[in-house]
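Protein chains: 2
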Amino acid sequence: MDVSLLTSQAKDAALRLAAAPTSLKNAALMHMAEALEANIPLILRENGRDLENARQNQMSEAMLDRLALSEARIRDMADGVRQVARLADPVGEVVGGERRPNGLNIRKVRVPFGVIAIIYEARPNVTADSAALCLKSGNAVILRGGKEAFRSNNAIAGILSAAVCEAGLPEACIQMVSDTSRETANALMRANGGIDLLIPRGGAGLIRACVENATVPVIQTGTGICHIYVDESADEAMAEDIVFNAKTSRPSVCNACECLLVHRGIAESFLPRMKRRLDEKQVELRCCPSSAAILGGARAATDADYDTEFLDYILAVKVVDSVEDAISHINRHGTGHSECIVTHSLDNARLFQLTVDAAAVYVNASTRFTDGGEFGLGAEIGISTQKMHARGPMGLRELTSCKYLIDGDGHVR
Amino acid sequence: MDVSLLTSQAKDAALRLAAAPTSLKNAALMHMAEALEANIPLILRENGRDLENARQNQMSEAMLDRLALSEARIRDMADGVRQVARLADPVGEVVGGERRPNGLNIRKVRVPFGVIAIIYEARPNVTADSAALCLKSGNAVILRGGKEAFRSNNAIAGILSAAVCEAGLPEACIQMVSDTSRETANALMRANGGIDLLIPRGGAGLIRACVENATVPVIQTGTGICHIYVDESADEAMAEDIVFNAKTSRPSVCNACECLLVHRGIAESFLPRMKRRLDEKQVELRCCPSSAAILGGARAATDADYDTEFLDYILAVKVVDSVEDAISHINRHGTGHSECIVTHSLDNARLFQLTVDAAAVYVNASTRFTDGGEFGLGAEIGISTQKMHARGPMGLRELTSCKYLIDGDGHVR
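Protein chains in written order, with our numbering: chain A, 14 to 426; chain B, 14 to 426.
Hint data in this document are derived by calculation from the structure and do not stem from the laboratory.
Since the list can't tell identical chains apart, any single copy or any two copies may satisfy a pair.
Heads up, simulated SDA-like pairs for lysine to any residue below, C-alpha to C-alpha not over 25 Å straight-line: (1) 121 / 415; (2) 121 / 410; (3) 288 / 426; (4) 24 / 338; (5) 24 / 342; (6) 288 / 298; (7) 288 / 254; (8) 160 / 73; (9) 294 / 423; (10) 121 / 106; (11) 24 / 194; (12) 24 / 337; (13) 121 / 103; (14) 24 / 364.
Same shape as in the complex, but just chain A:
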């Protein structure tokens, strides 16, 4: 697979797209949504072949469910694309500037990155979602999905790029890599000059591989070992609701709580009631010696449990002696995603928000709110857990860079 051909086509398309007015990009998005709906039978047929293959390869039921499309899911995909059309266009926004003392006029404006590569895993809806967000933010996208969804992804990407072309933008605004080999993925990761940004969307293994191998700029998304610290001054009923929500409302997502820290002064009264509540959902607790003693007969936590993103009905539990202990545990074991303190102490709330090193630091609210929609971004391409460029939910703005436009009248230095 010749990645350089893909990237040079993408570069050319990106130049056209960077100059495209919002109305043209929106028209292309509406075309894309319609084309998805008009081609439901084709997408379902190709998805059926992927599913057949997957069953032959003994894919688990949970994974099959992620892979499977239905008419309703394709219509949801199309609605997602229409929603992106309705979001404000970040390109061209003036984010700073001034007239300098020498009369030079400087403006700092948002511009597209250029070419964004997305490497992702099983779910084929990521294809439409990523293509829409990249197009709206003025970026050409090169998509590389997982082999399980190869036929579904190809069908969707083909439909979308044809629709973009009909709308009057280059077909190469949306390109799908035509194989799923590791070599091609590695070539994308090292296509400096051809790819301006690489975003891996998927599990910890994929993200690690990108961080490890990429020489192009990467934004790490995803992994969340999120903590809730219940302070001595916490309202126990509030803490119980927040922990229950953060652990059980959707355990498979990155903003779910994986570890409960409880101040020693409140542990005797709080832990038993919290356990009763979590028992409703059969949450398995993995406890430090102090919490195990209070709860009696709970499973002991191993060291590894405090560094594990369970993504399941499992919760690590630890009793700590102070807010400082809680913060230090979080800064050692967290992944920089979302962290919460439940407290009535203003001092502890301030200290926690000041010194916990994470994308989103909550006082008295569930970690589950870390989400582009909940933060008012409209849509998100992922949640950045790194500190460079974007941190937390990434919307359209985070898919842009900026440039300085400087206007003079013969100025020399």
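Fit chain B to the given chain A structure using the hints.
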């Protein structure tokens, strides 16, 4: 050299520093400046040993000049540190936020990165400069200088970290790597979790090595193959002044002009006068066939000349047929640094600023203005030529990340 010890000390220091009030950081900076001036004899002695070594190793006069310190240069260094103390503190700035419909209060605030590593080359003033900028922006810094300046750098860093400690901040806010081996540099580049950002400051080779080998986030700085395009509608006298300034005012810096593009319609009249002006400084022209024909007997440009950052009194010259040709040449051969059009055409100025893909795009002004001071940032740690996180001159703000602080009242989702 145990890099993990350095990074864990830096992490601890960074946590203290992130919470330090501006007044304390400024007091530390004033201490640092005073300590540099109080230790001029020590610094000069260590610098003398570096110079002696360098002479034995036949270092060129130009390089010796970059390495050499004097009392005046050390006082300049101290003044630079004092200037950083006077700049606004970016940490804590609220850059966004709202009350969501559900009553959740969200603030997005600037925070330090944490631990920044700087790998740099010969000039020892980079030590004080980088240390001051990182400290003010709340980051612990790990410095790794070149072997030529090893003793000078160690002396300066030792003085600075002692001064920081006296001011009441952790000594490990500023750490110098105690060897200059390639292994240690590589270990820094791959210290994920320990280093939040790596900034190489130096030549193209150093930057390439960091981009190639690093798994921690890197900001590419530096390389500038800057173009000036003289449009058919240009004011020839203005174009002459701008090109002369951009090429000759300081040819060794990254914002100097390396390639002149001239519209065919103006080339016959403009090129001879431009050559006469550049002859004042003995600038060597390397010409395309058309410009060589006009100028008669000029040296022919090779393909490589259009991809070379000369950093010298050398200028590549090419005649182009249109503004589109100029843009396409620039987007192919530029390094995304600074590009200029000289024109009276509004349409061509707009097209050029819209579609040239670079950090700074000028209309009728010299590329030499791309500089933190000229842009009003007060000081800069480098000029980013990548699109992620920071583009163009990087001041204190660009040394920060952000985090979301979310305040609820028992909110669950």
